[in-house]
Amino acid sequence: MELLLGLLSQFNFEAYAEGPGTLEAWLPKDADQELIASEIREELSLFFTSLEVEFIEDQNWNETWEAQFDPVRVGDFCLVRAAFHESDPNVGYEIIIDPKQAFGTGHHETTYMMIEEMAAVDFKGKTVLDLGCGTGILSILALKLGAENVTAIDIEEPSVENAKENLALNGVKAEVILGSVDTVRGRHFDIVLANINRNAIMMLMPELVLNIAENGTVLFSGFLESNVQEVTDLSEEHGLGPISRRQKGEWLCLGFLKIVKDLV
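Under the working numbering, the first residue of the sequence shown is numbered 1, with each subsequent residue one higher.
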């Protein structure tokens, strides 16, 4: 599976999910499926004697999710659950999620690590940008941790609508925007949460770094161990200094601080 993930990382997949003997990968809805399938077969034919590539029509996965979804507990810090699950008074924070077609329930390694990293960040009174908000799970947690205000953005309209619904479920409010970093151009945030993917990080870095306030923090996830060096190098080229690293399986979460050099 490690080899397969490494080989597929060159394609423009937005997320992955591993299962017993399977790997699911999500593409942008406007991607050329036949071309990508052909390229995947050509790339992987040297490594696999049998390969099946199947594209599944987009649908509302909520009914299946409800049948299979278990609450996600991140130590004693946070519990991510559905409205039909029982509350747990023994955790610090609870997040209620109805994901519909959006990404972010805490089950995936990247979301889980982002939650772990957020436990070590001081959100009190801070401004936060949640880039690629999905279900809004990280925005909700940031607000519960004391953030003054949160701006959540996503390029997918279903995610934007789902994030709004989940914010309401949790009794918190955030600005939710359909679009990318260009929608917040000229604004600065104390903390940036970017659980996206390697390609998006590399493409958006030059503009994204302008949104980070002086001495601000950014948490990146959504990429594999094989991508760590290039993500780190690009971050440092744009004035970000590494402050944390967390790994779960083949997935990584990196924290950076925006370094402000004193003028001499």
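Derived by calculation from the structure, the hints in this document are not laboratory data.
The structure displayed is predicted, hence computed values, not measured ones.
Careful, some of the hints might be misleading.
Claimed, not checked - Cut-off 30 Å, straight-line C-alpha distance, at most; resulting in silico cross-link-like pairs (DSBU-like, lysine-lysine):
#1 K124 - K144
#2 K173 - K124
#3 K248 - K144
#4 K124 - K248
Hint by hint, here is what the structure shows:
1. K124 - K144: holds (9 Å)
2. K173 - K124: Measuring from Cα to Cα gives roughly 15 Å; hence the hint holds.
3. K248 - K144: Holds, at roughly 25 Å.
4. K124 - K248: holds (27 Å)
The structure agrees with every numbered hint stated previously.
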